[in-house]
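S.K.: If you're matching them up, the sequences are chains F and E in order. Following my numbering, the numbering of the first sequence begins with 1 at its first residue and continues without gaps. Following my numbering, the numbering of the second sequence begins with 1001 at its first residue and continues without gaps.
Treat each hint with caution, since some may be false.
[As the list claims (entries may be wrong)] Facing chain E, from chain F, some residues (calculated, C-beta under 8 Å):
| hint | residue |
| --- | --- |
| 1 | S39 |
| 2 | L42 |
| 3 | V49 |
| 4 | I86 |
| 5 | Q279 |
| 6 | V308 |
| 7 | A314 |
| 8 | V327 |
| 9 | I342 |
Hints were generated in silico from the structure; no laboratory data involved. Every residue gets a Cβ at the ideal spot worked out from N, C-alpha and C, and that includes glycine.
There are 2 protein chains.
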Amino acid sequence: MRCTLLRRIFPLSLLALAHVPIAFAAESAGDPGTHNIASTFLWIAFLLVAAKMASLVERFGQPAVLGELIMGVLLGNLVLVGIPWIEPVKHHEIIRFLAELGVVILLFQIGLESNIQKMRKVGVRALLVATVGVIAPFVLGTYIVGPLLLPGLQSNAYLFLGAALTATSVGITARVFRDLKKLQSPEAQIVLGAAVIDDVIGLIILAVVSAIATEGTVNFAGISLITLKALAFLVGSIVIGHVLAPRLGKLFSMIHTGVGMKFTLAVCFGLVIAGLAQQIGLAPIVGAFAAGLVLEPVHFRYFKDPKVVSDVKASVEKADSATRQRVLAAIEPHADRHIDDIIEPLGHFLVPIFFIMIGMGVKLETLGNLPVLLVALGITAVAFVGKIVSGLAAGPVRKSLVGWGMVPRGEVGLIFASMGLSLGVLTDKLFSVIIIMVILTTLLTPPILTFLLRRSELHGSRH
Amino acid sequence: MRCTLLRRIFPLSLLALAHVPIAFAAESAGDPGTHNIASTFLWIAFLLVAAKMASLVERFGQPAVLGELIMGVLLGNLVLVGIPWIEPVKHHEIIRFLAELGVVILLFQIGLESNIQKMRKVGVRALLVATVGVIAPFVLGTYIVGPLLLPGLQSNAYLFLGAALTATSVGITARVFRDLKKLQSPEAQIVLGAAVIDDVIGLIILAVVSAIATEGTVNFAGISLITLKALAFLVGSIVIGHVLAPRLGKLFSMIHTGVGMKFTLAVCFGLVIAGLAQQIGLAPIVGAFAAGLVLEPVHFRYFKDPKVVSDVKASVEKADSATRQRVLAAIEPHADRHIDDIIEPLGHFLVPIFFIMIGMGVKLETLGNLPVLLVALGITAVAFVGKIVSGLAAGPVRKSLVGWGMVPRGEVGLIFASMGLSLGVLTDKLFSVIIIMVILTTLLTPPILTFLLRRSELHGSRH
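Let the hints inform the model, and build the full structure from the sequences given.
M.R.: Below, the structure written as structure tokens:
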């Protein structure tokens, strides 16, 4: 009550929040607008430490992201064994925001570690993979396995099921490739490219199926507009970014050439493109990835070298030329990799929150209903097969890596499911089936992908 | 509506928020629980870029924090010239949380840059400064200038005015010293120590004055308990932290020795102590500072050197011994300073948000009421004098720097003001007076402190 009053009277009271004595904190508990900062701090620390403890899985050759997901599943289901105090964090608005920011930062980092030339090289194959990866599961789900396993539903239900099977969630796969230091492989690049294209296609499918479900007909002009907007945004942000980034770098370096400015410019560029992407209807992570793709170290050449680089360079000024060259060669990558490096800690802070929260979202009891589970396993098989098939379109690379990389459904599958439910198209049972499919594709992909990567390295096989 | 439904059915829907198509985003606008992530991203980018543009003040020898405050004041009052679209961010819950996290990270960083030995050396003087800095403004405000400038109020009103004048807000001063690279000076150390002590005293005063205002009497047992708890927490967290930190470092290094683990451990340690501090009734920033104070590079010796250090070391293995020594000497500080370094980007991301939000909280129209303004100027003079006097207790250092360093009131002053208002003790006029005092002490201190620092350097004077 006091807090609300205060906030109304004087916005400087945000200052007060930085120092809220116990009396205030206790009172604000009933006020949904005022979070208890202390408990938010403790939640963040709890989630981060839990995530780091889970990185023990690396000892068993598994990517850290698998540990974070499993830890999340464990924590999120402790309520089943009578430990309820973790539940509130699932709905904690600020923690959820940090998680969302985390996956945006992750895809931005992944974009930074790639570049447009590389993506362009795999562009056509990525387009093929995305197209097959949409058509195969859609046809299988809508026309074959859906009616087979769940007979007697209205046709729109199968439509939504098929649509939910099409979408690729790139966060998981990108993390696995990154954890295993395989982000530069052609397979990873194809998956990244295909996921971006998939998101545009997903946007179109979403518009189409919801038009069919609500109006029974499709407005092609409207759909074309959505498609055009999305494509124009992606191409536009890459082209304009390419032109703008060096100029912005030069402009802001005139104000300040320090690390803080460099960091701020890069992060804000990513956030703006991610935010605009969402405004256009694309995933923010697609925008963040595009932003990272556009930024190159050369855009920041007006900024100071990191201090360590200049210190080391100064220390070998008088050395013999062989030593000098060796030292300069050792320090060189650290000058260039500097944008990645300064964004890394932000990733350490935010990214694990995203993956542990994903794990926490898995409701194990969903898996307890046997008839539903059996149908779900069938649909999940379709989800796997439909995407693995898409790998065949990837050309002369390890096709199975590409195919499996496309498997996780995550976000978009859930959006279809929830939209279908709220439109009254999906039954509760079909909704649960889709949820289980999303869970299984999300949780099973990391270990399988890891296994395939390790095996292909052992055998040196390319296919 | 759909989002709410979804959230109730399946918490994995947080995933959905990472990819919310336009339809959802639009619909969720009416749902107070679901922020539009895109707009939050854009706000963050907007505030950070604005803050960085304001760092132009450094060209005029001013600390960056002054630029951020001024930019905040400008943005926060654009509504006066008919530009209202910035207003919503003042109440944006997530932005406010990020601001609060920012000042906690700042004080944690400042704690890391200091250490217990240094603080202990200035301990007694800090205690003296804090004590004088509480007594002088309290007596002046409650018994002399308050009744003089605002005659005829009930005595409790003067009591709250005096109490609001006692508190020191360390964030501003610490930033100024840090921006000007003077954090290691004895004056800065004394101010930091005194601010921590001040916070404990402030807690006691808050308990006392609110007891007097509500019950007319003071429960000394209760007050003693609060005091003891606060002291026990501070001493306890430093002692226990001192014992625990190296053991935790060793323990977690057994899971992983990478930079991510090191970063997570350090940040989580800071967040936990900050969170606990708030639970006990202290400012989170006091906890964060104590946590930073306890952590030493040696606690992290089980973790890997940053890659740049090992790369450079490897590159001079075969070099002649003189060159080797020179290069190793150049790289050495970068191995040790590594905790500070990896937390720095988090600071770049969060700290400017705090200061720009403080600036935005300043309502320029408050300064428009002439009679109120005149009284406020008188009270502000007391606020200045009361703290500047405290510098005299600082011993053989530049006393004026210490005194001015204690001037900003910020958080705690506002808490007193809002509590007094909600208890019906303060009149609206007196409330406004306190607000103006807080604004002026906050905005005037950075340039004055900068001037004093530069002058004392020019003249090499110590007093």
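S.K.: Quick check: which numbered hints come out false for this structure?
M.R.: 4
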